[in-house]
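Q: Each chain, written out:
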Amino acid sequence: MAAFCSAFPFLTQSEFEGACQDLADRCTSAQHIDWSAIRLLTKPDGTSLRITKRVDVPSPLEAPALDLEESQEDEDPEALVRAKPQPSLQIDYDILLSPTYQVPVLYFGLRWHNHGPLGLDEVYQYVVPEQYRQQLKSVGVMGGISMGYHPDSGAPAFFVHPCNTADAMANIADAQNVTPGSYLLIWLGLVGHCVNLHVPRELYA
Amino acid sequence: MENRVSLGSIQKAVWDGRLPLEIVLASSESRTFDKTDPYLISYPRISYLPSLLPKLRAFFSNFLIDPNSQSHDGWFEFEGVPLKWHYPVGLLFDLYAGVDPASKTAARDNESPGDGSSLPWRLIVHFSDWPPDLVRLDAYGMVMNDAFINSVKEADFLRNGTAKGIMSLSKEDSSGLWNAVQEVDLLSFQRISNILLPQPSQPFRNVPIRVFLPLLPDAESSSLKVVQTPLPPSIPASSMQSSQILTSRSGSTLQPQTVGTVLHTLLPNLFPSRRTPVLAKPVLHGAVIPMSAPIEEVVRSSAYGDGWAYIVVRMMG
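As they're listed, the protein sequences go chains A and B.
The numbers in the working numbering rise by one with no breaks, and the one at position 35 of the first sequence is 35.
Remember, the working numbering sits 205 above the position in the second sequence when you count from 1.
Bound conformation, chain B alone (with noise of 0.2 Å):
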């Protein structure tokens, strides 16, 4: 049996987590063309990339050719695809970079993942032309908030089945949420989640989780092909797995639902195995996940600021 981790110290590690940037300005809006000097930074996992904007815009400045643009006016985009920006950068990193997650096998075998060749993570970033697949931004940051508190009340709905917990939410929590996680401050998000999501003794209605399918090369579009649908914690036990069997009141019995269980029914062609990944593996924060990890441990650990697990699926070989 390996040693279990808690998953409080799990939280941490992915609040924790950073990737290396380099934008540059569009060759496009630059004067100096592609000489100008890239922004370098180690950024959050789990944040937005807006959020970079004034930072960015300030740093450019001397380079615009357009004086006029404003840091809301700016967007992202890696190798011709415009980042959406209501996903955390995270996120967009696991399913655009095309970098081998992080695993134990991975690391046994001594081929560490990202060996620097895609590292820092290359953007672009554009102060004019906003594409007309993206949500534009506003001065106030109010359209970047209204979008991660819906995902919020979604995750919400999900756990509990009403919308009452985030309602409920005072205004001051509800924007201190926002602000925790853009400060990516562990502490005061916790204090606020904690009156959202129900006691551990208490298992959630359902599991607030996203898959990503693989992206096909040659898509006419960049759309992203997205499952959703209600997961249980529990679904009930098969006759094989008799580890982790609970009784429901019902008396019928249940096991917990496991990133494998969800994946084979959602997927059954991509992954024909409850328990080993065969065609294709899941992806969190930038790692492998076990198959046989219980989606709710997975959400209460590592989900991102929203509530949300975002799992990317990546094909083998």
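The shape of chain A in the complex, shown without the other chains (with noise of 0.2 Å):
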């Protein structure tokens, strides 16, 4: 039996890393996920983990033209007529313990199939579900989700803000009841929905 969380509502290090492996394990059994991959990252300093997840663009039309024009333009130009690829998105979730907040952290960073990186508009248009869109972008100066830069890669990367999420926590879970495992999965069940990230139903079994 794991132990319970020892600072709730915030997670030590090691209890963070313990939480992970947890996960990362429990996804490689199971049935029913829709991530494509889900990595355990370790370094000297730290151990994040990565979840990749592929994203089907509703629709096509939405695709940015430009960026198949560019892509394309030594093909055949009919090809784009005729074969209106789906573009698909690509969404690496990192989730890693803030040294400030000792809360994880959801870092995310989005690119169409071989191409670059994205930006904030393409978050809202394609990865911020419609019915949390209002919301996420009344708060703070740019809104709920910011960009910064990764604090492992140091490339720029999105993010969920982490400030209010020990209170969170504190309200939803019972402080007595929480081992790291299932801090983890609540967070994700907690800040994950606003950024498309959903936990299987078979995790919480």
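There may be inaccurate statements among the hints.
List time: in silico DSS-like cross-link candidates among lysine-lysine, alpha-carbon distance up to 27 Å [said to hold, decoys possible]: (1) B:K217 with B:K309; (2) B:K376 with B:K217; (3) B:K430 with A:K43; (4) A:K137 with B:K376; (5) A:K137 with B:K430; (6) B:K260 with B:K240.
Think of the hints as simulated: they come from the structure by calculation, not from any bench.
Relying on the hints, combine the two individually framed chains into one complex.
A: See below:
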């Protein structure tokens, strides 16, 4: 039986790493997962969990025309009309422990398959489900999603603001009975939804 | 005993600190290649580079090959490294310029720091080919404002253990804080930051400090190595030091956490001693800071506008 969180509503580094390991293990054995990959990244200065997901953009009409032109300019121009390839969006989610807030924080980046990274407008258009858009945009200077630098790679990335996570966790979970593993699942349920990262049902079992 | 300078006067000196900058337009973007006049300015250390972009865009407008570029397309480079604009320029200078920091010993030996060869700091501004490793700016300065406020929130959370302080700040004061930093208006800044800061009698929960490790000359990437961990302002007293011992409520003795105790704990290989820099020295605002300085005093007096002290570790010798 796993021990309960020692610093609830916060997570310690070792609790976080254990919970990530646990989640990665359970995903490997799970059947119905729409994530294309989940990987535990271990580094000297901390562990993180990367979940990769492909999203088919609902209407091909919304796909950026410029992008397609650029990518296929060497091919028969009529092929564009005929094939209308369904563009697929790749989203890489990285879960890290914030050294400031001592809670998990969700970084993510998105790119068209085989193309460069996209901006905040595309995040709201393709990643944030419609029912969360207004709510997310209304907080802070630019909304609940900011652009910053990925703590590991140093590359530009989006992240969901972690400053209220501890309060939210305290309101949702019973302080006495939370293991690091269930903490991470509750947190993913809380934060993931607004950026289209859904926890497969069978992981809660 | 040395004269104790008030924290307020140190803060004023930090806010008054300026760097001479010489900014040239990237030759590949200039109609006159490398014959474009440079833009010279004495720029506050606590300021951010993108605030210069509208002036630079206007100054170089007649030379730009691409006349359609906007000021928020602008970015800065030093010796091939695109500069992360969300760091204050003073920190970027301490990180990259390679200038020997000011210190008491240097002054005594009469070798004044930055003897002229490295100053002004020469930067290149670009208005096209945004590098993939920088977060893009927007036309309204929202991205910068957002990055600043996020940084303020983090510092506030560390000091208080909750994010309630900054969340409860009125919208006027929240944007006022950013305006005060942009305009280097210390009085307005102090009025608002006094709402956020715990009273001097009430210690911080943790002290917002980030330590930047020395850049390796041969590193593959220019990515910075930053160390951050929760740093309480007081630590259990070691038997050696008795001068500044405090007694905590629980009765155990505490001593102020100093720059030296932090660096020795975080980076024991670079800082084998808590009191004397042996292999490396800590630099803040272009000066070597004393190992004996209590970290809470360092942050209360010498933090950047976002509430953080960014200490750069420089190798000696």
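Q: List, from low to high, the hint numbers that the structure doesn't satisfy.
A: As far as the earlier hints go, only 5 is violated by this structure.
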